[in-house]
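Numbering (numbering that gives the first Met the number 0), first residue to last: 0 to 442.
Treat the hints loosely; a few may be bogus.
[Said to hold, decoys possible] So the derived label-pair ranges between C-beta atoms look like this:
id, residue 1, residue 2, range
1, Trp403, Ala122, 34 to 42 angstroms
2, Asp254, Leu388, 40 to 48 angstroms
3, Trp403, Glu287, 34 to 42 angstroms
Calculated directly from the structure, the hints in this document are not laboratory data.
Computed from a predicted model, the values in this text were never measured in an experiment.
C-beta atoms are modelled at their ideal positions from N, C-alpha and C, and glycine is treated no differently.
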Amino acid sequence: MRRFSMLAAAVTATIGVATVGIIRIALRSSPPAIAPRAETQPSIAQVAEARPAPPHETVPSPEPAGVEGLDLLRITSDDAGLIAPTTGGTARLTLDGDLQRTTRALLALHHLPEAAVVLMDVATGRLLVYASHVDQGTPRDICAEALAPSASVFKIVTAAALIEDAHLGPDTKQCYSGGEQRIKSSDLIDDPKRDRWCTTLAGAMGRSINTVFARLATQHLSPPQLEAMARRFGYGQTMAFDVPVQTSGIRVPSDPLEFARTAAGFWNTTLSPIEATEMSAIVARQGETVRPSIVDRVMAANGVVLWSASPSTFSHRAIERDTAEQLAAMMEHTVNEGTSWHAFHDGRGRAFLPGLPVAGKTGTLTDAEAHRFYTWFTGFAPARAESGLGQVAIAVLVVNGPAWQVKANVVARDVLRAYFASKDAAGVTRPALTTIARHRSSH
0 MRRFSMLAAA
10 VTATIGVATV
20 GIIRIALRSS
30 PPAIAPRAET
40 QPSIAQVAEA
50 RPAPPHETVP
60 SPEPAGVEGL
70 DLLRITSDDA
80 GLIAPTTGGT
90 ARLTLDGDLQ
100 RTTRALLALH
110 HLPEAAVVLM
120 DVATGRLLVY
130 ASHVDQGTPR
140 DICAEALAPS
150 ASVFKIVTAA
160 ALIEDAHLGP
170 DTKQCYSGGE
180 QRIKSSDLID
190 DPKRDRWCTT
200 LAGAMGRSIN
210 TVFARLATQH
220 LSPPQLEAMA
230 RRFGYGQTMA
240 FDVPVQTSGI
250 RVPSDPLEFA
260 RTAAGFWNTT
270 LSPIEATEMS
280 AIVARQGETV
290 RPSIVDRVMA
300 ANGVVLWSAS
310 PSTFSHRAIE
320 RDTAEQLAAM
330 MEHTVNEGTS
340 WHAFHDGRGR
350 AFLPGLPVAG
360 KTGTLTDAEA
370 HRFYTWFTGF
380 APARAESGLG
390 QVAIAVLVVN
400 GPAWQVKANV
410 VARDVLRAYF
420 ASKDAAGVTR
430 PALTTIARHR
440 SSH
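Hey, can you work out the whole structure from these sequences and the hints?
Next up, the structure:
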């Protein structure tokens with residue numbers, strides 16, 4: 000354990016927060032051996048800008064931030080842990096120093112152009128990792144930026160609305176065709192002659208099948224219903240945190256085709272990595288929100304405590320308990336058979352997190368003009384709470400160049416491996432940083 004930490008520390012001596020640029024997400028990954036397509040979405044040139052809408056009156060106002068001038072671009076460490084400067088003193092952070100260093104090392108060793116990782120304790124909202132990496136350019140706190148289109152991560156919202164408003168469920172069956180890279184009007188029409196494949200809503204979540212979400216939303220939801228559900232997940236709302244978080248964007252068109260595309264995750268919404276983490280935490284907490292926090296207390300130079308974090312997590316119910324339970328079961332399909340099967344299993348099909356079910360959602364989009372390739376993973380583990388092993392929610396955003404390095408779900412897997420190995424979870428091994436370094440040097 001000490002050798003692993005030393006290697007991680009050697010790669011990133013100072014633990015800072017850098018940036019991940021604007022994300023464009025669509026979805027594509029391959030399930031083990033299931034024919035039809037997973038998630039693919041349009042190029043960035045096709046993505047319309049999402050404009051934040053006014054807050055929904057039924058969502059409680061968040062607690063005010065209590066840490067003036069907190070600078071998360073200047074995270075460093077001392078003998079007692081990780082710290083960051085504030086206007087009036089030094090903030091002692093909730094971050095796990097070893098895990099933060101490991102995450103920073105993973106991002107650096109992969110030589111990713113841009114990437115960001117947020118890891119949260121589900122029960123308390125305390126952040127364990129808040130890390131960004133940029134190979135070149137000016138660092139910025141992209142964990143709190145909502146410039147990235149949420150794309151197929153938005154399928155979590157659509158699925159919640161289909162469950163809660165339309166009374167569908169994971170076993171709801173839908174046949175489909177088309178919709179791999181774009182959705183046309185003809186893709187929304189049930190046609191037994193063209194619809195060669197059929198799946199359940201859970202299967203469509205796992206493999207991120209655009210047409211299934213587009214058709215079901217068109218048939219069973221209205222734009223106001225979908226927008227209301229998005230707001231319950233935090234879209235268009237001020238997010239309570241220890242630094243300002245850019246408001247996520249939501250614009251749900253009334254045009255039937257544009258509405259269907261939005262429901263499938265093609266356009267009109269944006270999301271920050273920290274809010275993506277909170278979305279997964281809501282599902283893990285059986286529908287209740289939790290206020291994320293990164294500061295434990297603020298200390299003056301003479302050691303006097305100037306400010307302490309409230310034990311309150313500022314919780315309210317975002318979705319019904321049954322809705323959350325069904326979403327969690329559907330999100331497990333992503334890792335068990337869907338777009339993250341290969342990331343979470345080795346070449347022989349053995350799980351990297353044996354005995355620990357993982358719930359998740361992926362997203363991928365290519366910006367051909369800028370030669371940027373964006374991927375998302377958000378989720379939580381264990382997917383079902385287990386005694387003696389706390390749940391964590393995670394969001395990872397990765398931007399690759401023309402020469403692909405690694406996808407977000409692989410980074411998420413390795414961060415989760417590092418976390419659960421530190422908790423002595425049976426059969427879980429730490430990611431081998433030396434192996435990653437050797438692999439990189441050979442290419």
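Status of the hints after comparison with the structure:
no., hint, result
1, Trp403 with Ala122: 34 to 42 angstroms, "36 angstroms, holds"
2, Asp254 with Leu388: 40 to 48 angstroms, "47 angstroms, holds"
3, Trp403 with Glu287: 34 to 42 angstroms, "38 angstroms, holds"
Violated hints are absent here; each numbered hint is respected by the structure.
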